[in-house]
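Participant: One letter stands for each residue in the lines below.
2 protein chains.
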Amino acid sequence: TIYGITPTYARLAQKADLTRLSQTLMLVRNFHWVIIEDSETKTNLVENLLKESTLKYTHLNVKTQKSKHSTASGVEQRNAALSWLRDHLRQVEDKKGVVYFMDDDNTYALKVFDEMRKIKKVGVWPVGIVGGMRVEMPLVTDGKVTGFNAVWKSFRPFPIDMAGFAINATLFLNHPEAKFSRKVQSGFQESEILKYFTTREELEPLADNCTKVYAWHTRTQKPSITNPKKLKTPPIPDDHIEV
Amino acid sequence: TIYGITPTYARLAQKADLTRLSQTLMLVRNFHWVIIEDSETKTNLVENLLKESTLKYTHLNVKTQKSKHSTASGVEQRNAALSWLRDHLRQVEDKKGVVYFMDDDNTYALKVFDEMRKIKKVGVWPVGIVGGMRVEMPLVTDGKVTGFNAVWKSFRPFPIDMAGFAINATLFLNHPEAKFSRKVQSGFQESEILKYFTTREELEPLADNCTKVYAWHTRTQKPSITNPKKLKTPPIPDDHIEV
Ligand SMILES: O=c1ccn([C@@H]2O[C@H](COP(=O)(O)OP(=O)(O)O)[C@@H](O)[C@H]2O)c(=O)[nH]1
Ligand SMILES: O=c1ccn([C@@H]2O[C@H](COP(=O)(O)OP(=O)(O)O)[C@@H](O)[C@H]2O)c(=O)[nH]1
Ligand SMILES: [Mn+2]
Ligand SMILES: [Mn+2]
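Those protein sequence lines, which keep their order, are chains A and B. Just add 2 to the spot in the first sequence (first one is 1) and you have the working numbering. Just add 2 to the spot in the second sequence (first one is 1) and you have the working numbering.
Treat the hints as calculated values from the structure; they're not laboratory data. None of the values given here were measured: they were computed from a predicted structure. The C-beta atom is built at its ideal place from N, Cα and C for all residues, glycine as well. Any given hint could be a false lead.
In the DSBU-like style, the derived pairs of lysine-lysine whose C-alpha atoms are separated by at most 30 Å in a straight line are [unchecked claim]:
hint : chain 1 : residue 1 : chain 2 : residue 2
1    : B       : Lys97     : B       : Lys58
2    : B       : Lys97     : A       : Lys146
3    : B       : Lys146    : B       : Lys68
4    : A       : Lys214    : A       : Lys231
5    : A       : Lys58     : B       : Lys58
6    : A       : Lys113    : B       : Lys113
7    : A       : Lys214    : B       : Lys231
8    : A       : Lys234    : B       : Lys214
9    : A       : Lys185    : B       : Lys231
10   : B       : Lys68     : B       : Lys181
11   : B       : Lys214    : B       : Lys224
12   : B       : Lys58     : B       : Lys231
13   : A       : Lys65     : B       : Lys155
14   : A       : Lys214    : B       : Lys53
15   : A       : Lys234    : B       : Lys155
16   : A       : Lys123    : A       : Lys97
17   : A       : Lys58     : A       : Lys155
18   : A       : Lys146    : A       : Lys70
19   : B       : Lys120    : B       : Lys98
20   : A       : Lys155    : B       : Lys113
21   : A       : Lys53     : B       : Lys120
Quick list of simulated restraints, FRET-style, between CB atoms [claimed, not checked]:
hint : chain 1 : residue 1 : chain 2 : residue 2 : range
22   : B       : Lys70     : A       : Thr56     : 25 to 35 Å
23   : B       : Thr148    : A       : Lys58     : 40 to 50 Å
24   : A       : Ser193    : B       : Thr235    : 14 to 24 Å
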């Protein structure tokens, strides 16, 4: 089973982004979507979207505790998913699986899911359009990761985007302490979780020795909405329409 | 058959956008994707993407003739697709179908394709996040379109986005003159094509009397790439990697 872990939050393009992502996931075999809303309560929008999909899913929620020390987002959500996962794996017979942290606005080719089924411990691959580069990628020599092509904070222990690795699920049972942290600087969440499971040398290069791009850090443009009060003939209110 | 007509052009997020759109289309029954590159020649990127999908498709190309009088994009491409469509329909036994003009960066829920199978002549429905609104939509009274909620150029003959309508394919045989034009101002392409086939009064409201959003005019944020020449330790060149 591939466990895709996706934090999500309310915004104008949320349903569009979740819709196209869910439609991709519907084509992935043995996929379980763990979606965690950054909110006090679960919303009908996300609940109905999940129900109407053909996906196997788990719907959670936890609100980010914003503080002046940290603007990190996704931390509590991914940690909530990891707690759920550990409980779940302890209960099920078949504990085999892979954990992939998937942002709701990224783009995933179906091939990335085939790649991660080969993982023994931690697999890595390139990510398109991220960190100021066309592609951030592990550099591979003789089938081993020997460096990284990354220019944004290249001093990161693992200069890899969240979309560029997946982890054998069973390892989360072996390392019950492994989690994300609000205390690390931006860009260090990936390194924070990876440090529990692997070293740079142990990383398993996938996607044809890290030469193929199967995941992209796309972002959806924030829409600009005209203020109806500034219009001579304002439109009919549309708050009753779910967008 | 639903004929989806999609112009596309080379840019950093092109493959990502086409990948996620193609993965949605793979879930649509009886779908034929007509994809037209805005380029002098067909690219390997688009050709391979189509080949590796499970889609039925037709791959065309025609370069936009930019002039100082018009910055319209997609016109020659959609017209090339319409020429192909007319030839195709004249040859095939089953001429039944629907034509839908689909931008490569928009978001389409599977339900929009179910709706358009009900079309007799021209069907319409709301489009999310477009024209400065949460949702642009036809207003429906007693099952008839009686107006439009639109604030951007609301004087358009049909104030509807390209994603908000589809047309019975056979009508393109009845109206061999119907095509898009480089000569109309921005926002008037939809009105330009619709005028051949329908009037405001004849429009068929779909998606629950135009109360549901099944298509969104999403846009993918243009990525900003760091100039390697400005870096102390520039990365290894990555031009050999297709992104
Ligand atoms: O306040 C927030 C901001 C983001 N996210 C989620 O965290 C992930 C990463 O956020 P975003 O895509 O905005 O980050 P970026 O594109 O800047 O990496 C996405 O799945 C978001 O839905 C969240 O749950 N709460
Ligand atoms: O020079 C161009 C610009 C755009 N397009 C295509 O025309 C459609 C509409 O373009 P875009 O999404 O950029 O327009 P907007 O989001 O502004 O409506 C898309 O399918 C693009 O791929 C094109 O073929 N050539
Ligand atoms: Mn993002
Ligand atoms: Mn667009």
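Participant: Run every hint past the structure and note whether it holds.
Facilitator: Hint by hint, here is what the structure shows:
| no. | hint | verdict |
| --- | --- | --- |
| 1 | B:Lys97 to B:Lys58 | holds (16 Å) |
| 2 | B:Lys97 to A:Lys146 | violated (55 Å) |
| 3 | B:Lys146 to B:Lys68 | violated (39 Å) |
| 4 | A:Lys214 to A:Lys231 | violated (49 Å) |
| 5 | A:Lys58 to B:Lys58 | holds (28 Å) |
| 6 | A:Lys113 to B:Lys113 | holds (25 Å) |
| 7 | A:Lys214 to B:Lys231 | holds (25 Å) |
| 8 | A:Lys234 to B:Lys214 | holds (27 Å) |
| 9 | A:Lys185 to B:Lys231 | violated (33 Å) |
| 10 | B:Lys68 to B:Lys181 | holds (18 Å) |
| 11 | B:Lys214 to B:Lys224 | holds (29 Å) |
| 12 | B:Lys58 to B:Lys231 | violated (44 Å) |
| 13 | A:Lys65 to B:Lys155 | violated (40 Å) |
| 14 | A:Lys214 to B:Lys53 | holds (17 Å) |
| 15 | A:Lys234 to B:Lys155 | holds (13 Å) |
| 16 | A:Lys123 to A:Lys97 | holds (14 Å) |
| 17 | A:Lys58 to A:Lys155 | violated (37 Å) |
| 18 | A:Lys146 to A:Lys70 | violated (41 Å) |
| 19 | B:Lys120 to B:Lys98 | holds (12 Å) |
| 20 | A:Lys155 to B:Lys113 | violated (43 Å) |
| 21 | A:Lys53 to B:Lys120 | holds (25 Å) |
| 22 | B:Lys70 to A:Thr56: 25 to 35 Å | violated (50 Å) |
| 23 | B:Thr148 to A:Lys58: 40 to 50 Å | holds (43 Å) |
| 24 | A:Ser193 to B:Thr235: 14 to 24 Å | holds (19 Å) |
Hint compliance for this structure: hints 2, 3, 4, 9, 12, 13, 17, 18, 20 and 22 are not met, and every other hint is.
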